[in-house]
Amino acid sequence: MSTQTIAAIGTALSNSGISIIRISGEQSLHIIQKIFVSKAKLEPNKIIYGKIVDDEKVLDHVLVSYFKAPHSYTGEDICEINCHGGNEITKEILELVLVSGARLAEAGEFSKRAFLNGKMDLSQAEAVIHLINAKTRTESRVALNQLEGNISKKIRELREDLIELLAHIEVSVDYPEYDYEEVENSYVIHLIDEKVNKINSILSTYDQGRIIQNGINVAILGMPNVGKSSLLNKLANYDKAIVTDIPGTTRDIIEERVSIGDVVLNIADTAGIRDTEDVIERIGVEKSLQKMEEVDLIIYMINVEEGIQKEDLELLSKIKNKGIKLIVVLNKMDKMEKSIFYTILEELKANEFESVIEMSIQNELGIEELKNEIQKLFYQSDFDYEHELIITNTRHKDLLKKAIESLTIAKNELLQGQPIDIVGIYLKNAGNFLGEIIGANVSQDVMDKIFEKFCVGK
Amino acid sequence: MEYSLGNYDVIVIGAGHAGCEAGLASARLGKKTAVFVINLDTLANMPCNPSIGGTSKGHLVREIDALGGEMAKVADKTFLQSKMLNMSKGPAVHSLRVQSDRRMYHIEMKRTLENQENLDVYQAEIVKILVEDGKVIGVKTKIGATVYGKCIVVATGTYLKGKIIIGEVSYESGPDGVFPANDLSQSLLDIGVELRRFKTGTPARINVNTMDLKKMEEQFGDEKIVPFSFENELNEEIKHKKQISCYLTYTNQETHKIIMDNLDRSPIYSGKIHGIGPRYCPSIEDKVVRFHDKERHQLFIEPLGEKTNEMYIQGMSSSLPEEVQIKMYRTIPGLENAKLMRPAYAIEYDCIDSTNLKLSLEYKGIEGLFFAGQVNGSSGYEEAAAQGIMAGINASRKIDHLEPFVLDRSEAYIGVLIDDLVTKGTNEPYRMMTSRSEYRLTLRQDNADIRLTEKGHEIGLISEERYQRFLEKKHSIEKEIERLRNTVIKPTQEVNEVLTKLGSSPLSTGVKLSELLKRSELTYLNLEKIDKKRTSLPDSVIEEAETELKYEGYIKLQLEQIHEFKKLENRKLSPDIDFEQIKGLSLEARQKLNKQKPLSVGQASRISGVSPADISVLLIYLSQNNM
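Taken in order, these protein sequences are the chains called A and B. Quick note, in the numbering used here, the first sequence goes up one by one and the last residue is 458. Quick note, in the numbering used here, the second sequence goes up one by one and the last residue is 1627.
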């Protein structure tokens, strides 16, 4: 199976000191030899010092390591370039690698190759991807907790009682004449209730888990030119969106991952919310509104110079009705006029918008306050991230939900007087859904349990 | 001197429950068939319990019948008592079981084979299977005759190197004191068939004159008898047959003490038995040791026949020495003076690893060699018969160059049975259980004919006449369902009085009969007063219509699951795939997949050692390679 050589920045694009660019595939060594000059010879499992050169121009002094297939993370030839951080240099070197014959790796592609080449199993791959993607300490603690198999343990415990109950039901079906006590309905209902409660409490960690895993989805909304892009840049310390003074310059949603304390923000800078005839601009506005369906937090910006508009109030109440967490930022305080400012405050108070931050991006005022407010809204400091099981995987969440659904039907059927073998079908489904999380098969487990627990046969 | 008994299309080795069905199926499909048995007087013998059917086994018998097999018909002719088990539970697990007259069953089945066109039955031990260029060409008998055939069905039950063990004594023997087949094992090994060793056991037979039945609980048959065969649905004679009782008694602490005191003389615990025994059929020693806090174990006393005094002691199989057995049985209430006519024994035998078979039951790598029954590692007469008819059909189809006839897990218990054996394999004698079926709401014993008669007819084992009758039945079921769906019951005072009496809530608006039937307290029968337009219909039609409507919601859900199941079943795997080359697969999965060569992703997913992660790798591989 011939595959393309892929490359990507292995560390997060942020203010870390050293960045790693990883190249994996048959062409790895060939590509490195084109762009890397060193006195030492590149050998497997050794790190050597040298320079990355583009034609004659030296881009950076770097360390390069080489892992020969199949003894590497992905099972393919891998070269890693450790360069001197800085987003610009790292990006420049990556571009050089891409020009030299690699293609940009898709998200998770290294782990996917590792998985496909038999270097790790699926659940390991899932956990490793989490760990790599972990941007904060909390996140890595949760990922490690999952790697150590806490999910399997919890699910196994949940399933165990269910399987025992099923074995009890099945034995009464397959050995009807044997003198085993029939399972009592009240016991089945009690057990179902207990399991549903337990699964629900695991499920309730999902939102927290998703926030730890993926970060808080934040949308910055507001009229054109209130300073949305500037705020994004301030938070990201990085010029990403195009900042101009012409209203409507930002046409697409630009996302940025920003880490503040223990919380990661995925900030979407959106096109200005304003009726416009411009088609491209309109798409941007529509995307902004659509984005509102998925966000955890909206930072709504108002330009105190211009005051609060009718559209502002309409949008703000829309957001409030959706129940999304909201912080209102009053920007350009440096240019504030008192009368307008107080009108705004009164309007906000009348409509019960409580979280209000006064800000001047120009003068670096209010940024810290905003960060603190976000932390306050999302981070539960009393939560035991190391020991509580937190689910972060959508697949797990869906399966847990399905298990609850089946258990609920089982209970209803039982209450409606349906025979126990029919009820058993739904209990079995629930067991199967739980089993899918950890890769186990109910039927075989029930069978084994029957023979272990019951004395049957001629 | 070389001589031949002739040329046949299909040769069947063994005439137990598998061999008989295989021989009959093949002969009925027009193939010249020879059936060989070591002793003709043991044809279709029941060396263990004298009964046919039971949970999930009853399903198998009805499926065999729907495909045109014989077991149900002979069971209907020779039963002593009939019982539908699990009547307090849902329709999916209702199971028919009869006590059979063991001798009469043998006689009826033997006569059926004797009268079958295209079929010759021989008393002879087969000692050799002849293979040429990877293809079977015939067999050799112990006295030297060669018989030529295009396909062979091996149905040797527990006879292959059979060894009986009773306490410290053991000797070479088949069941019930018949000669074992000692030479065939070597011949199988010589042609490349892998063999393994399983073990099973049976309890003692006791003379009823030495029992005190008054000390036991009498167990009666059903008042309303349901025949096994769909052909007998309207047979009044069967429904009014006089029945014989069974009896229930129990072991006690004294019994258990004798067993514990003599455990060192039990061959299982002394290490004398090497074969692997079934967990669901433990000997009384096993039960007492493994479940030592259970105060008593049930024993069912079953008659062996109308014209014999022998009684079968279900629940007390053993391999303890005979003298210990006598003491042990005599601790049981009602058996204080019991005389053992045949002692309990354990039997060890050679069988094959069923994962070496294709789903058609043909051995991989040896053309025309089929296996059926206990030699495949299963246990039970019904499981054997089910494999027998399938092997017989497929041997015949092979000769006709037709695609093998395979039932999948969503179509029949037969499908579950064979897929379990062939795909998952078994480490102990395999018994059918309803819990093994994923789709048991749709695989009911009552609708086996609806599920399979069409197929039986297509194959050629269901006569035109029977098929027409089946179509009529199917039509009247559909008509009745339609009527129930379209009949609206108005909320009259009379109606609500009836409903209240039945413990059901009264109506406020008109409701369809089909909806009323979904209430668990209401049945077709007790709605008679409300449903004034009904006409008189056969029980089987009513049962079917009622079940289909009453459980409509569940059945629909099951059909959706079946739809999902079929997706992976239909994702075919080419036999040319070298799984060794698929890097992401675990080592174990690569080896297992290469050995078993599953035909679909669904089948691959059921092989033990192939994990869900392996299946995702496989699916990725298939889509990457546009397969």
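Don't read these hints as lab results, they were simulated from the structure. These numbers were taken from a predicted model, which means no experiment stands behind them. Among the clues, some could well be false.
Here are the simulated PhoX-like pairs of lysine-lysine, each with C-alpha atoms no more than 20 Å apart in a straight line [what the hints assert, rightly or not]:
#: 1; chain 1: B; residue 1: Lys-1358; chain 2: B; residue 2: Lys-1135
#: 2; chain 1: A; residue 1: Lys-112; chain 2: A; residue 2: Lys-51
#: 3; chain 1: A; residue 1: Lys-402; chain 2: B; residue 2: Lys-1358
#: 4; chain 1: B; residue 1: Lys-1242; chain 2: A; residue 2: Lys-411
#: 5; chain 1: A; residue 1: Lys-397; chain 2: A; residue 2: Lys-153
#: 6; chain 1: A; residue 1: Lys-376; chain 2: A; residue 2: Lys-402
#: 7; chain 1: B; residue 1: Lys-1307; chain 2: B; residue 2: Lys-1242
#: 8; chain 1: B; residue 1: Lys-1135; chain 2: B; residue 2: Lys-1110
#: 9; chain 1: A; residue 1: Lys-68; chain 2: B; residue 2: Lys-1583
#: 10; chain 1: A; residue 1: Lys-112; chain 2: B; residue 2: Lys-1424
#: 11; chain 1: A; residue 1: Lys-411; chain 2: A; residue 2: Lys-371
#: 12; chain 1: A; residue 1: Lys-91; chain 2: A; residue 2: Lys-34
Some chain A residues well away from chain B (every beta-carbon gap over 12 Å; in silico) [as the list claims (entries may be wrong)]:
#: 13; residue: Gly-75
#: 14; residue: Arg-113
#: 15; residue: Lys-153
#: 16; residue: Ile-169
#: 17; residue: Ser-172
#: 18; residue: Glu-311
#: 19; residue: Ile-422
#: 20; residue: Ile-425
Here a beta-carbon is modelled for each residue, glycine too, at the ideal position from N, C-alpha and C.
Results for each hint:
1. B:Lys-1358 to B:Lys-1135: 15 Å, holds
2. A:Lys-112 to A:Lys-51: This hinted pair is violated, its Cα atoms lying about 31 Å apart.
3. A:Lys-402 to B:Lys-1358: 36 Å, violated
4. B:Lys-1242 to A:Lys-411: 43 Å, violated
5. A:Lys-397 to A:Lys-153: Between Lys-397 of chain A and Lys-153 of chain A the Cα gap is close to 16 Å, so the pair holds against 20 Å.
6. A:Lys-376 to A:Lys-402: 33 Å, violated
7. B:Lys-1307 to B:Lys-1242: 15 Å, holds
8. B:Lys-1135 to B:Lys-1110: Roughly 30 Å between the alpha carbons, so the hint for Lys-1135 of chain B and Lys-1110 of chain B is violated.
9. A:Lys-68 to B:Lys-1583: 17 Å, holds
10. A:Lys-112 to B:Lys-1424: It is violated: about 29 Å lies between the C-alpha atoms, which goes past 20 Å.
11. A:Lys-411 to A:Lys-371: 47 Å, violated
12. A:Lys-91 to A:Lys-34: 17 Å, holds
13. Gly-75: Violated, since 7 Å does not exceed 12 Å.
14. Arg-113: At roughly 10 Å from the nearest Cβ of chain B, Arg-113 of chain A sits no farther out than 12 Å, so the non-interface label is violated.
15. Lys-153: 19 Å, holds
16. Ile-169: 9 Å, violated
17. Ser-172: 8 Å, violated
18. Glu-311: The claim stands: Glu-311 of chain A keeps its Cβ more than 12 Å from every Cβ of chain B (closest is about 48 Å).
19. Ile-422: 5 Å, violated
20. Ile-425: It is violated; Ile-425 of chain A is separated from chain B by about 7 Å at its closest Cβ, not greater than 12 Å.
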